[in-house]
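Chemist: Each chain, written out:
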Amino acid sequence: MIEVPLYDLAHSRAGDKGNRANLSLIPYKPELYPILAEQVTEARVLALFAHRGATRCRRYDLPLLHAFNFVVDDVLEGGVNASLNLDGHGKTQSFRLLALTVQVPRHLVP
Amino acid sequence: MSDVFLVGNGAGFSGDRVDAPIPVVRTLIKRGLPAALFFEVLGERTVALAQLERRANPEAGYEPMLERLLAPVLADCFHNRIPILGNFGAANPPAAARCIARLALRLGLPNLRIAVVAGDDVMGSIALDQLPVHEADGSIDISSARLIAANAYIGAEPLVAALKAGADVVVAGRTSDPALAIAPLVAHFGWSLDDWQKLAVGAAAGHLLECGSQVTGGVFWDPGRKDIPDPANIGFPIAEVTRDGGLVITKAADTGGLVNLSTIKEQLLYELHDPAHYITPDVVLDITGCHIEQVGQDRVAIHGLRGEPAPESLKVTASFEGSWLGEGEVSVAGPNALARAKATADVLLARLKLRGLPVRARVDLIGVASVHDSDDGALWRSYEGPEPPDIRIRLAAEGATRDDVDQAAREVLALLCCGTAGTGGARWRVTPRILTRSYLVLRERVPTSITTRTAAEIAA
Chain A
1 MIEVPLYDLA HSRAGDKGNR ANLSLIPYKP ELYPILAEQV TEARVLALFA HRGATRCRRY
61 DLPLLHAFNF VVDDVLEGGV NASLNLDGHG KTQSFRLLAL TVQVPRHLVP
Chain B
1 MSDVFLVGNG AGFSGDRVDA PIPVVRTLIK RGLPAALFFE VLGERTVALA QLERRANPEA
61 GYEPMLERLL APVLADCFHN RIPILGNFGA ANPPAAARCI ARLALRLGLP NLRIAVVAGD
121 DVMGSIALDQ LPVHEADGSI DISSARLIAA NAYIGAEPLV AALKAGADVV VAGRTSDPAL
181 AIAPLVAHFG WSLDDWQKLA VGAAAGHLLE CGSQVTGGVF WDPGRKDIPD PANIGFPIAE
241 VTRDGGLVIT KAADTGGLVN LSTIKEQLLY ELHDPAHYIT PDVVLDITGC HIEQVGQDRV
301 AIHGLRGEPA PESLKVTASF EGSWLGEGEV SVAGPNALAR AKATADVLLA RLKLRGLPVR
361 ARVDLIGVAS VHDSDDGALW RSYEGPEPPD IRIRLAAEGA TRDDVDQAAR EVLALLCCGT
421 AGTGGARWRV TPRILTRSYL VLRERVPTSI TTRTAAEIAA
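Same order as they appear, the protein sequences are chains A and B. Residues in the first sequence are numbered consecutively from 1, following my numbering. Residues in the second sequence are numbered consecutively from 1, following my numbering.
Only chain A is shown next, with the shape it has when bound in the complex (with noise of 0.2 Å):
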């Protein structure tokens, strides 16, 4: 097993509605997803939202297109019409959920 971000075995992409994020995650391979689906809890895609204020994470899984969708609540620092942030959309947030690690045998790694 190595150790490896979920960018080099997924991709994703975050849409907003309000202050309320979406971000997809989507293996490469699907002989990844169910390994995905044990690590990347919604308790760590919370935590990795914690310092943004997230409150809450729902993880709904589609195992027939193999892949996830993670609903993250209040990550947006009031949305697209009060945050201060450049990107109030949060639509560079799916790298952030990218940047997570998780552990995968060394062969599934492309």
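It cannot be assumed that every hint is accurate.
[Unchecked claim] What the simulated footprint calls covered on chain A by chain B, stretch by stretch (three residues with Cβ under 8 Å from a Cβ of chain B suffice, anywhere in the stretch; the number is not a length): (1) 22-30; (2) 49-63; (3) 75-88.
In case anyone wonders, no lab produced these hints; they're calculated from the structure. Positions of the beta carbon are idealized from the N, C-alpha and C atoms, including for glycine.
With chain A fixed as given, assemble chain B onto it according to the hints.
Modeler: Frame of chain A; chain B shown alone:
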């Protein structure tokens, strides 16, 4: 009627590439199938900004790039019977129709039929304070705010009526984004507006297409990791829909970008919350049974979509005058840039405190940490990486009056003389902010209507 209908997208937001519709229309014509083209240019706050423009100028308040977007494709669409739909009417659909009519006359198309959809603007006709607030919006304080705009997200029904009345261009204000794709499908195939399975396919097509290039490589490409062909010329998407609800996403021919399983997955989940309940005014889409298949180069089929009955209520988004935002930036670079940037940040915050300016402020160190950071600068304050060669210091301040935030932003300007050694490149600006809040309203309280006239009649 043919069994396949094509829906092309010409824009995914106000500000999109204005030359994108040209190859889409060229492809639609070349394929020789019945087709429609839609433009989605109305973000949540765009209609409020447009309403402010309309107040200043009664002939403004619609998509500012409308003429540029339509000029290269309007005649081709008209001659090939490809109707155009768009929410480019924004806060002023009648003025948008007049703009299109003038363009049509210049192009020699006096018989172009333009439909204007009315009814989405509910400001003044519905008392917002009587309505339930949409989830997650309850905490926004709008007690003393002044209303700018209130618009309901209307569904496909009036758009279908306009197409059935023979409109070549359908000008709408606030509609749901998927409705712009659902409507031409319903009009062409004669689907019933309670055929939830078919409407689910239309909603998915609309959702996948509504952001333009986001499904064909835009916001997807990542050099060296997720490369796409010719990112300077990404082809915009086209949906192929069959009468029985088959759906394939492809793109304009002879363009850059790509359509593969990965681009489809990213856009399918974009701005989605519960994948079993993607709510539109026309149908509730469930993608939990969805699976996708590459069926050719730049062609992906979407299977297993499910629809549930449309909600009883429509979403109304209201916009209010908000606070003011002041922003200022300066740069430092070269040896000891990080220490100079951090010291500058602390001095800016100290200055605001010293002057007693009633603002909420934040400092970013662009090049160290900014967009991922929090208002207290947790990430840049704890940064221990290598010395960045070039850092831009940004102050953002929000306050109740223009003068307060202007004074705050000018503290950045003052650094040109009072700042650390080698400080330069100051910029600052002050902008008004808009607050939005969404409500739910029973759909029967939002009647819609259409008016269809030729370009010659409108211009007369």
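Chemist: Quick check: do three or more residues in the stretch 49-63 of chain A have a beta carbon closer than 8 Å to a beta carbon of chain B?
Modeler: holds (count 5)
Chemist: Tell me if chain B covers the stretch 75-88 of chain A under the three-residue, 8 Å CB rule, please?
Modeler: With 8 residues closer than 8 Å to chain B, the stretch 75-88 of chain A meets the three-residue bar; holds.
Chemist: Count the residues of the stretch 22-30 of chain A with a beta-carbon closer than 8 Å to any beta-carbon of chain B: does the count reach three?
Modeler: n = 4 at 8 Å, threshold three: holds.
Figure legend: structure checked against the earlier numbered hints; every hint is met.
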